[in-house]
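Number of protein chains: 2
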Amino acid sequence: MQKETRKEEILRVAARLFKNKGYSAVTMRDLATEMGIKAASLYNHISSKQAILQEIVLAIAEDFTAGMHKIIEADSNSIKKLEQIIDLHVKIAIENTDGLAALNSDWMHLESKLDYYLKLRQDYENNYRTIIESGIANKEIKAVKPDVLMFSMLSTLRSLYLWIPKKGNVNPKELSASLAQILIKGINI
Amino acid sequence: MQKETRKEEILRVAARLFKNKGYSAVTMRDLATEMGIKAASLYNHISSKQAILQEIVLAIAEDFTAGMHKIIEADSNSIKKLEQIIDLHVKIAIENTDGLAALNSDWMHLESKLDYYLKLRQDYENNYRTIIESGIANKEIKAVKPDVLMFSMLSTLRSLYLWIPKKGNVNPKELSASLAQILIKGINI
Numbered sequence: 003m004q005k006e007t008r009k010e011e012i013l014r015v016a017a018r019l020f021k022n023k024g025y026s027a028v029t030m031r032d033l034a035t036e037m038g039i040k041a042a043s044l045y046n047h048i049s050s051k052q053a054i055l056q057e058i059v060l061a062i063a064e065d066f067t068a069g070m071h072k073i074i075e076a077d078s079n080s081i082k083k084l085e086q087i088i089d090l091h092v093k094i095a096i097e098n099t100d101g102l103a104a105l106n107s108d109w110m111h112l113e114s115k116l117d118y119y120l121k122l123r124q125d126y127e128n129n130y131r132t133i134i135e136s137g138i139a140n141k142e143i144k145a146v147k148p149d150v151l152m153f154s155m156l157s158t159l160r161s162l163y164l165w166i167p168k169k170g171n172v173n174p175k176e177l178s179a180s181l182a183q184i185l186i187k188g189i190n191i
Numbered sequence: 003m004q005k006e007t008r009k010e011e012i013l014r015v016a017a018r019l020f021k022n023k024g025y026s027a028v029t030m031r032d033l034a035t036e037m038g039i040k041a042a043s044l045y046n047h048i049s050s051k052q053a054i055l056q057e058i059v060l061a062i063a064e065d066f067t068a069g070m071h072k073i074i075e076a077d078s079n080s081i082k083k084l085e086q087i088i089d090l091h092v093k094i095a096i097e098n099t100d101g102l103a104a105l106n107s108d109w110m111h112l113e114s115k116l117d118y119y120l121k122l123r124q125d126y127e128n129n130y131r132t133i134i135e136s137g138i139a140n141k142e143i144k145a146v147k148p149d150v151l152m153f154s155m156l157s158t159l160r161s162l163y164l165w166i167p168k169k170g171n172v173n174p175k176e177l178s179a180s181l182a183q184i185l186i187k188g189i190n191i
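Note that the protein sequences, when read in sequence, are chains A and B.
Residues in the first sequence are numbered from 3 upward in steps of one, following this note's numbering.
Residues in the second sequence are numbered from 3 upward in steps of one, following this note's numbering.
If you are wondering where the hints come from, they were derived from the structure by calculation, not from laboratory data.
The beta-carbon is built from N, C-alpha and C at its ideal position, and this holds for glycine as well.
Not one of these hints is a red herring.
Distance condition first, Cα-Cα at most 30 Å in a straight line; then the derived DSS-like pairs of lysine-lysine:
hint	chain 1	residue 1	chain 2	residue 2
1	A	K93	B	K147
2	A	K187	B	K175
3	B	K187	A	K141
4	A	K121	B	K23
5	B	K169	A	K82
6	B	K144	A	K93
7	B	K147	A	K168
Estimated spans, in silico, between C-beta atoms of each pair:
hint	chain 1	residue 1	chain 2	residue 2	range
8	A	R8	B	R8	58 to 68 Å
9	B	G170	A	S136	18 to 28 Å
10	B	G170	A	L120	14 to 24 Å
Which residues of chain A face chain B? A few of them, derived with a C-beta cut under 8 Å, are:
hint	residue
11	W165
12	Q183
13	I189
14	N190
This is chain A alone, in the form it adopts within the complex (with noise of 0.2 Å):
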């Protein structure tokens, strides 16, 4: 494993902090005491709390783009490319659970980078819509309301940052299986 750099461990902290504190109660001096450094040497490495958020919100953002583009222009069927949705959201999830649940509760406080963000949110759900649909046309989708389908599938996959800390050590591979097989194959015998 890579040693993590100064800048990586202030992110890794910062998003520690912006979960338990919230975003607007946390200053760089807190920070900097969390980290056993002073205050003034966080600004070698970072500008200011809110380029901080940035980059905790923007990578997270900039992940779940990047993996809907390779998603997207994949030679595989909608169900495929679901599954690899449901994948790519269990792997942020796991790798990043600290930085999902400061972009969940934080996001709103971007400042310049807020319509940024937002329109990567909103590319990522028209691409989800899209598979959806598409898998309909298709036939290898039931005909269910898409809107329906996508919201109950993103509310599942934008709360494993919540619920996977109260589950110990999870297990990428079997965590997605099973979201696979519920959320995709349906559950009734």
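Since chain A is already given, all that's left is putting chain B on it; use the hints.
The following block gives chain B in isolation, referenced to the frame of chain A:
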């Protein structure tokens, strides 16, 4: 339709204010202003802001508890019971969208009734899990992980209050049927 009592009006307007500004930021004076009455006359109907939060949150929690008890006691199989749980969440989310929003963002501000609320919530989840486990034991539900299934369904059902307002007039029967299809029967062909 029965005329709304003044007490009911207080709870309805307070739920909307709690949703928009958060419990902590709302004062009894704000509530009186919003209703176009004097603050003093609020106290003819309710003793405090905390009492209002209690009534809003506990009325919903008790609705879920009563609904779950009917479902548990009914002579129906586990799939039918899960469908009835979906109906219950859809009904409450449509009838009391603002109340659910206030519950979700402000339940932790309950004071003397916090333990009671948490007990109702825990009992609800225990009953939900029992339905799933019985269904798996009786071979009505596939052998999925009960906790992943409960997490998945509840993430969707507990998010309805966020989604419904964006959709304009929602027909409860249609929405319940769509969700039952998606959450229970699966979406792949």
